[in-house]
Amino acid sequence: MPADKRDIVALEGVTKRFPGIVANDGIDLSIRPGEVHVLLGENGAGKSTLIGMLSGLQQPDEGRILVDGKPTPITSPRHALALGIGTVFQHMMLVPTLTVAENLLLGGPWWQRPRTEELEARVAEITRSLGISVKLHAKVSELSLGEQQQVEILRAMVRNSRLLILDESTSMLTPKGIEELGALMRRLVGQGLAIVFITHKLKEAAAFGDRISVLKLGRKVGEIPPERFRTLSEQEIISEIVELMFGKQKDDPEAAERPTRTVRADAGPLLQVADLAVAPTENAPGLSSISFDIRPGEILGIAGIDGNGQKQLAEALAGQRAATGGSVRLEGTAIEALSVGERRRRGLRYLTDDRLGEGTVGAFPVSINFFLKQVGASPFWRGGVEQRAEIDRRAAQLVREYDVRTPSLKTPVARLSGGNIQKVLIARELAEGARAVIFNKPTYGLDLANTLASRQRIRDTAARGLAVLLISTDLEELLSMCDRIAVIANGSLVGTVANADDARTKVGRLMIGLAA
Amino acid sequence: MSIDTAPGASANALDATSGAATGRDILHRLLMTLGPILAALIIAGCILLVVGVDPLAYYGYVLEKGLFSPLGIQQTLTRMAPLLFLAAGLIVAFRAGMWNLGGDGQFLLGAVTAAASAPVLVQVMPAWLALTCSFLISMVVAMAWSLLPALLRAYQGVNEIITTLMMTFLGTSLANVLVKLVFRDPGTTVPQTRTLPVEDRLPRLFDTTITSGLVLGLAAIIIVHLVMTRTAFGLKLRIVGANPRAAVHAGLGVPRLTVAVFAISAGLAGLAGAVDIIGVQGNVRADWNPAYGLAVIPAVFLARMNGFAAIGFVFLLSVLSIGGESAARRLGVPNHFTLVLVSIMLIVLALAEYVDHRYNQSRKA
Ligand SMILES: Nc1ncnc2c1ncn2[C@@H]1O[C@H](COP(=O)(O)OP(=O)(O)OP(=O)(O)O)[C@@H](O)[C@H]1O
Ligand SMILES: [Mg+2]
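Each protein sequence line maps, in turn, to chains A and B.
Counting in the numbering used here, the first sequence runs from 1 upward without gaps.
Counting in the numbering used here, the second sequence runs from 1 upward without gaps.
Do not rely on the hints blindly, as some may be mistaken.
To be verified - Residues of chain B placed beyond 12 Å of chain A at every Cβ, according to the derived structure:
id	residue
1	Phe233
2	Val248
3	Ala328
4	Arg329
As the list claims (entries may be wrong) - With the C-beta cut set under 8 Å, the calculated list includes, among others, these residues of chain A facing chain B:
id	residue
5	Ser239
6	Gln320
7	Val340
8	Glu358
9	Gly359
10	Ala363
11	Phe364
12	Leu372
13	Lys373
14	Trp381
In case anyone wonders, no lab produced these hints; they're calculated from the structure.
For each residue, glycine too, the CB sits at the ideal point set by N, CA and C.
Generate coordinates for the entire structure from the input sequences, incorporating the hints supplied.
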């Protein structure tokens, strides 16, 4: 494919290999000003790898990258920035011990004093147009992942890039946040920027894109150029993508109908939370008088904008965060004074949304990461001694069952693609012995097929008589799975609605601060 | 799903290729280790030239006295005993992400305890039992010395680098005070503890002068290596070291593990002191401080906290220090030149790693 003069960045036959896998295989791509180029593909298809090469983190093994028509090796992230390529990575890259403002100022020339006032003005301008609010002086470690994601987006914008790359940047936003980011992208391409946008939500692709490329197993298997894109309806685009990605036709894959699970009304509650309180920190909300019951077989959803206490709630329930008051009962026994490990042994499971920060040990093999929460338990350890064969056997089974794409069981888990790391976590929490499970954004980063599979798994989990607490920013997800949906704002539950026909409006009203 | 079988197939493919890759990997690793060591020897040689010593003579002398003369190699192997214990202790701590730099204080207190207890105990019980008791007491004393930094780190999050260093200053002074004021042998004029008779010390190996403490040291470091790599306990420590937040999330009792790590690490340092006294020295003289603890740190880093590699580097360190001591007497190069040499190695190794990394990057660009 000859480079087009309109491309500001073009890839020609780019190949990238990792031990045991060809992550990108002879990929051609053209990125043009005024276009949102959507990259789609299953988990592990090679999207983030491609981005890694555009942003200077990695070098292609074969092929070349043209910038403004000239072959240009992008040797480092700094070089990429200098070329005007700004990236929001899939996994947070902020320095947790610094404040947001300090993070935004990082990378300036070392001999200059950081220009704080200038930054504040610029940030105020961008946040206004984005409709988000960012706490400039909060330490990053105090922010929820969703808030960190917003900071990352902001950081890329502050730098005045010509090409903005967003790798799954909508994964933690609420529907409203996604809409706003979409509108902003449209405005930016209107001003002549180029955008590369990665997502797993096909509706976003159809709504915000101009051009779509689909990757599969490292190869580019299809492209919808802008001329065609404009002639197709949303439905046509989605079904075309689904066919390219999965090779089978499905009308609206996300519109899985709500199952008619029957929660036994006479059963006593399995997980009871009463007046749970957590002290606020300077930049993160605490929790005040959180109360709810979940009966066996029931799924209670928690909706709300990320950073309103979801993380605190999950951690307080799991025992990772000290509660200042209230009680938590599992099957009638108080567990609020127990340790994390003890609560887990009694059947409380917590799927964290921070898969790299606390969910896994990145440098350890995939196999060990399946059992991080069971270290020492038989049959994987006997008399404290590791049973390598047993671990590998079970790990291989989980890899197969949960479709984890990994070159081998020995591969360090951080080398997997984001969605595949997520599958490792899900597999781990759904293993035997669970009574009540807290899912914090369980499908974050999963591709369509795996999202549907995981949702089905969670429904099955509940159907086995477990209590499920489902925290998500994705309203569709909650509506498709929950029996009831509670809305969290500023650390307290502002209302709970049964998931009936008018639930969407009611939850929406609660989220913007109106009574249901 | 349609591609369900892909992971299994590619997993096998990788396993085959990774076998070939590891062969090349090992060669590369070896080159990356030996090359910098050679470079460090050359740089240190230049320093010797500058101070007017013939480097070839110096290295020749070190090798001869530390490695090739029968007496020298026996001394070298004997020196390894305490160093191996110290290295074992450091491996536990470093793998768990805790920087116990208080090895010297713990070592000396262990040594003084052994010197104070062993000569008394051998008079009241059989020698083997006396020595065992003495080892255990030394270990417990050293463990106790690590308790304060351990608790501060575990429950208050106080940085252990500073506290262990402070405790090592206090520990060396305390050891000195104990020798001079409490355990001083009334029968001698020089301030030192009572001496453990040669026949009661650890037996020598066969017909040599090598202490059997070497065997204990080797056992200690191998056991530590196996515990760290093969057991649930070791895995827990490595999780704490690699990602403390994941440890909390996984429900590990991080504070308790922290205290355990300090206790094990300090206990092994205490045993190092004991093995040096009970096996070799027989007593502790006032102001005696060989500072093995600090010297072992680079060896453990060079070994990347691998027990078997650490044995090799401890051997190298012993050769250099035994040979260096002789050379110091003969050629007038200060004893501490050994440390200079070791630190140059460490720096060159780090540089080599950096250059290697950059080279890999740019080769692909
Ligand atoms: N640094 C690395 N070392 C080894 N393998 C890697 C590395 N980075 C990525 N891979 C492998 O390359 C493949 C593509 O990964 P990539 O992260 O690009 O997928 P992705 O399309 O972004 O998937 P996801 O939607 O799950 O984020 C995966 O199989 C992954 O295991
Ligand atoms: Mg990715």
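message: Holds or violated: the hint that phenylalanine 364/A contacts chain B, with Cβ atoms closer than 8 Å.
response: holds (7 Å)
- request: So, alanine 363/A near chain B? Judge it on the closest CB pair being under 8 Å.
  value: Where the cut-off is 8 Å and the nearest Cβ of chain B is about 6 Å from alanine 363/A, the hint holds.
Status of the stated non-contact between alanine 328/B and chain A (beta carbon gap over 12 Å): holds (42 Å)
query: Is arginine 329/B truly not at the interface, in the sense that its beta carbon sits beyond 12 Å from all beta carbons of chain A?
result: Label holds. Min Cβ-Cβ 46 Å, cutoff 12 Å.
task: With a cut-off of 8 Å on the beta carbons, see whether valine 340/A makes it to chain B.
output: For valine 340/A, the interface hint holds, since the closest Cβ of chain B sits about 4 Å away, which is under 8 Å.
message: Just to be careful: measuring from the Cβ of glycine 359/A to every Cβ in chain B, is the smallest value less than 8 Å?
response: Given a least distance of 7 Å, the restraint on glycine 359/A holds.
task: Hold the hint about tryptophan 381/A up to the distance rule: shortest CB distance to chain B must be less than 8 Å.
output: holds (4 Å)
- request: Would you check whether glutamine 320/A satisfies its interface hint, that is, whether its CB is within less than 8 Å of any CB in chain B?
  value: holds (6 Å)
task: Would you settle whether the hint for glutamate 358/A is holds or violated, based on the nearest Cβ-Cβ distance to chain B being less than 8 Å?
output: Given a least distance of 4 Å, the restraint on glutamate 358/A holds.
message: Using Cβ atoms and 12 Å as the threshold, tell me whether phenylalanine 233/B really stays out of contact range of chain A.
response: The claim is violated: phenylalanine 233/B sits with its nearest Cβ about 6 Å from chain A, within 12 Å.
message: Confirm or reject: valine 248/B is not an interface residue toward chain A, with every Cβ-Cβ distance exceeding 12 Å.
response: violated (6 Å)
Hinted contact leucine 372/A with chain B - closest CB pair below 8 Å: The hint holds - leucine 372/A has a Cβ within 8 Å of chain B, the shortest such distance being about 5 Å.
Violated hints, listed in ascending order, are 1, 2, 5; each of the other numbered hints is respected by the structure.
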